[in-house]
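**Q** Construct all of the structure, not just a fragment, from the sequences and the given hints.
Top to bottom, those sequences are chains A and B. Numbering-wise, the first sequence is residues 1 to 75 according to our numbering. Numbering-wise, the second sequence is residues 1 to 238 according to our numbering.
Rather than coming from a laboratory, the hints here were simulated on the basis of the structure. These numbers were taken from a predicted model, which means no experiment stands behind them. Each hint should be verified, as a subset may be incorrect.
Stated by the list, open to error - For the chain A half of the interface with chain B, some residues (derived, Cβ under 7 Å), not all of them: (1) Phe37; (2) Ala40; (3) Tyr42; (4) Ile44; (5) Ala50; (6) Ala52; (7) Asn55; (8) Val63; (9) Asp65; (10) Leu69; (11) Leu70; (12) Pro73.
To be verified - Ranges between beta-carbon positions, derived for each pair: (13) B:Asp197 x A:Leu38: 37 to 47 Å; (14) B:Gly36 x A:Arg24: 52 to 62 Å; (15) B:Ile101 x A:Leu38: 44 to 54 Å; (16) A:Met51 x B:Ala234: 23 to 33 Å.
Every residue, glycine too, gets a C-beta built ideally from N, C-alpha and C.
What follows is each chain in one-letter form.
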Amino acid sequence: MTNSSIVAQSLDAQGGFAAPIPVRQILPWAIFAGLLFLLAMYFIGVEEGAMAIFNGMYVHEFVHDARHLLGFPCH
Amino acid sequence: MGSLLVRGMIAGLLAGILAFGFAKVFGEPQVDRAIGFEEQLAKASGEPEEPEIVSRAVQASFGLFTGVAVVGTAMGGLFALAFAFFNGRLFVGMSPRTTAIIIAALGFLAIYFIPNIKYPANPPAVGSPETIGSRTQLYFGMIVFSLAALAIAISAGRQFFAQVGGWNAVLIGGGVYIALAALAGYILPPINEVPNDFPADLLWKFRVVSFGIQGILWMTIGIVFGLLVERSNAKTAH
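**A** Now the structure itself:
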């Protein structure tokens, strides 16, 4: 038995390592929450710039500085 | 899974608050200087002044905070999803905190650092409005290529893990990632829309601040998320 597996087992007994979550259980969360998070990023990073859902420039102007500083293409 | 997501978002919000502080102190002066340059250019060419929809004061405070905090929180949530997928699957016997740090480091590298070497962040006045569509496509395209390269690199590293050991497997994975990312950077067209006479030191400072903001976001999420997961695991065990 290698050292790392001893460490792994002892940590396991303390509950330091949780078993991997089955992919089937992650998937619905990943789809719905993932979409929501990406949509939030879209509004900060792209809306009223390269693409637009709303007419106007308010969203673009409001988050303007964050958009530039986070590295999204702007203007 | 739900509680992992909440922890990711908490870590992300905290990261966003820290990154906002950094952006406010070090980033805003550069944004202001760049806007000053932009206005000078406009005046020199006789363009009418742009109407101000949101005042500079609001942009530099509430706007900046909203932007960085929302992106931070969303990053934290996506981070939690990635963590749920990789925890216990990356390498046998890796602790959740180590897994979280590795995801944060690789995420920063593949999603921000490498794509920004090819297409760096630009201050106001740099970049023409006509090319925003193609610039956005290329930027996100580079991120997609970089993530695909990372996925191939990780699976290559895992394949060789049993034969050559951990160190060499990581080197193989790293080599595969660098080669593929460099190839993508070589094939994709360059973008350079920096106006003549734009101050070089301002461009440099702006880009360094942008790296700093993203570094703080990723690092804080990796550290805080790992801490929160470890604490709750220890609680359920006792």
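**Q** Hints first: check each against the structure and report whether it holds.
**A** Against the structure, the hints come out as follows:
At its closest, the beta carbon of Phe37 (chain A) sits 4 Å from a beta carbon of chain B; the interface hint therefore holds under the 7 Å criterion. Taking 7 Å as the C-beta cut-off, the interface hint given for Ala40 (chain A) holds, the closest approach to chain B being about 4 Å. Because the closest C-beta pair between Tyr42 (chain A) and chain B is about 10 Å apart, greater than 7 Å, the hint is violated. Because the closest C-beta pair between Ile44 (chain A) and chain B is about 5 Å apart, less than 7 Å, the hint holds.
Because the smallest distance between the Cβ of Ala50 (chain A) and any Cβ of chain B comes to about 4 Å, under 7 Å, the interface hint for this residue holds. Against a cut-off of 7 Å between C-beta atoms, the interface hint on Ala52 (chain A) is violated, since the closest Cβ of chain B lies about 11 Å away. Interface restraint check: Asn55 (chain A) against chain B, minimum CB-CB distance 13 Å, threshold 7 Å, status violated. Hint on Val63 (chain A) holds. Least Cβ distance to chain B is approximately 4 Å, under the 7 Å limit.
With a cut of 7 Å, the hint placing Asp65 (chain A) at the interface with chain B holds, because the nearest CB-to-CB distance is about 5 Å. The beta carbon of Leu69 (chain A) is positioned within 7 Å of a beta carbon in chain B (closest approach about 5 Å), and the interface hint is therefore held. Given hint, Leu70 (chain A) at the interface with chain B, holds; its Cβ is 6 Å from that chain's nearest Cβ, closer than 7 Å. The criterion of a C-beta within 7 Å of any C-beta in chain B is met by Pro73 (chain A), whose closest approach is roughly 4 Å, and the hint holds.
Between Asp197 (chain B) and Leu38 (chain A) the beta carbons are some 38 Å apart, a value that agrees with the proposed interval 37 to 47 Å. Taking 52 to 62 Å as the suggested C-beta distance range, the pair Gly36 (chain B) and Arg24 (chain A) conforms, at roughly 55 Å. For Ile101 (chain B) and Leu38 (chain A), the Cβ-Cβ distance of about 24 Å falls outside the hinted range of 44 to 54 Å, so the restraint is violated. Our hint of 23 to 33 Å for Met51 (chain A) and Ala234 (chain B) is violated, since their Cβ atoms are close to 45 Å apart.
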